Amino acid sequence: MSDKEPLFSAKNRKLLTNPLGSDNPITIQVLGICSALAVTAKLEPAVVMTISVMAVLALANVIVSLLRNTIPSRIRIIVQLVIVAALVILVDQILKAYAYDVSKQLSVFVGLIITNCIIMGRLEAFALGNRPWPAFLDGIGNAAGYGIILVIVAFFRELLGSGSLYGFQVIPQSFYDMGYQNNGLMILPPMALVTVGIIIWVQRSRNKALIES
Amino acid sequence: MNTQSNTYTFLYAAIMVVIVAAVLSFTSLSLKGRQNMNKEIEKKQNILKAVNVASTPANAVELFDKYIVEAIIVNSEGEVKSNDKAETFKVDLKNENKKELSQRNLPVFIFNDTKVGEKLIIPVRGKGMWGPIWGFISMEPDRKTIYGATFDHQGETPGLGAEISKADFQKPFTGKQIFDDSNVFTSLKLEKGTASNNPHAFDAVSGGTVTSKGLEAMLQDNLSSYEKFLKSSK
Chain L
1 MSDKEPLFSA KNRKLLTNPL GSDNPITIQV LGICSALAVT AKLEPAVVMT
51 ISVMAVLALA NVIVSLLRNT IPSRIRIIVQ LVIVAALVIL VDQILKAYAY
101 DVSKQLSVFV GLIITNCIIM GRLEAFALGN RPWPAFLDGI GNAAGYGIIL
151 VIVAFFRELL GSGSLYGFQV IPQSFYDMGY QNNGLMILPP MALVTVGIII
201 WVQRSRNKAL IES
Chain U
1 MNTQSNTYTF LYAAIMVVIV AAVLSFTSLS LKGRQNMNKE IEKKQNILKA
51 VNVASTPANA VELFDKYIVE AIIVNSEGEV KSNDKAETFK VDLKNENKKE
101 LSQRNLPVFI FNDTKVGEKL IIPVRGKGMW GPIWGFISME PDRKTIYGAT
151 FDHQGETPGL GAEISKADFQ KPFTGKQIFD DSNVFTSLKL EKGTASNNPH
201 AFDAVSGGTV TSKGLEAMLQ DNLSSYEKFL KSSK
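Protein sequence lines, in the order shown, are assigned to chains L and U.
Under UniProt numbering, the first residue of the first sequence is numbered 1, with each subsequent residue one higher.
Under UniProt numbering, the first residue of the second sequence is numbered 1, with each subsequent residue one higher.
Just so you know, the hints here were simulated from the structure itself, not pulled from any lab data.
A portion of the hints provided could be inaccurate.
[What the hints assert, rightly or not] Quick list of the computed label-pair ranges, beta carbon to beta carbon: (1) Lys192/U <-> Ser174/L: 23 to 29 Å; (2) Val194/L <-> Thr209/U: 20 to 26 Å; (3) Lys98/U <-> Tyr166/L: 37 to 43 Å.
Keep in mind that this is a model prediction, so the values were computed, not measured.
C-beta: ideal position from N, C-alpha, C; glycine also.
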């Protein structure tokens, strides 16, 4: 790669856009499923989780990329893990001091960010072999691809399971008076898996190139 | 330099750990003050919420000083051990709940407002599914009827166990009784969907059974230690 390559060359743009569709971390690489099940009962935590993962993944990618020539390969996983854990703790501490309400929503997800396989996957597969700027774009792109699926799943689960969106009641009371009931099954974790499955099905039936032979 | 040698690997790991530890402890130390202040304000807001007084982080301290006229520490025999407001506020239930019942410091906050009259506020703390849960129960002057309740948690699952911190879950606690007709302590029992007709029970959160059971145990453990105090001055 030459130094004069423009910041948003076609190759760099692909780093941002591919993870949104044809190389999506959840639906194509099937990573990060566990947190997708846990945080998608409501739209709000799904959005907060997306933003946090984006911050942590982009920063971790840049740091690992900067250090890539110095990291001894035998302990590279430990080094990556320490960097991710430190970043997550930093983000959590800063939120607790300056955005206390948000930090309370994050509580349980902080741990989930550390165990998120997408983060380790990107550090291992991309940041260790690329320069900081592409690594940054790759981090943002993958976190966004992850976030899109989270938000789609949370949208259906919250709408059908609680009748609300982002905490606001959207299904009018008159529906309930006529006998409509919230589908309690939707807020249970198994339905997140089913919803992700449906998204994978729809995506592959529209784009046959994604179907493995 | 050979980045694969043992010496390099050891040195690399050691230096990395020291740098990360330094950065984290520096951040933690420099933010501690603000974090503690946020926690105190949140506790004051929660105490006010138990008596249905809405507050914001900005006015919580002022409202707390205005409405909470007194705060006392009692023991399990119902005797008052201290009536220092600041000291009562500092009592940490996490430590108290580990002690023998007779050794526990039991805080009681006394709320007074000309419109709604005097209420007692009792803090509770217990175990949820993933971590601690806690809350405040406010009592009518008859000392057996619940006037309001607020619960919070550290890391219960959003949409499931975390629902205990929502108003929809907390509102039905108003009017519940923790003593039965013959004045025997009953606490509140967990029921699935039928609690609205039972003054001694509350509804479980669907999908949050472990948290609901933890809440039941928390009420039983904490409120029972106040039994003599609540009975003594009726």
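Outcome of the hint check:
no.	hint	result
1	Lys192/U <-> Ser174/L: 23 to 29 Å	holds (28 Å)
2	Val194/L <-> Thr209/U: 20 to 26 Å	holds (21 Å)
3	Lys98/U <-> Tyr166/L: 37 to 43 Å	holds (40 Å)
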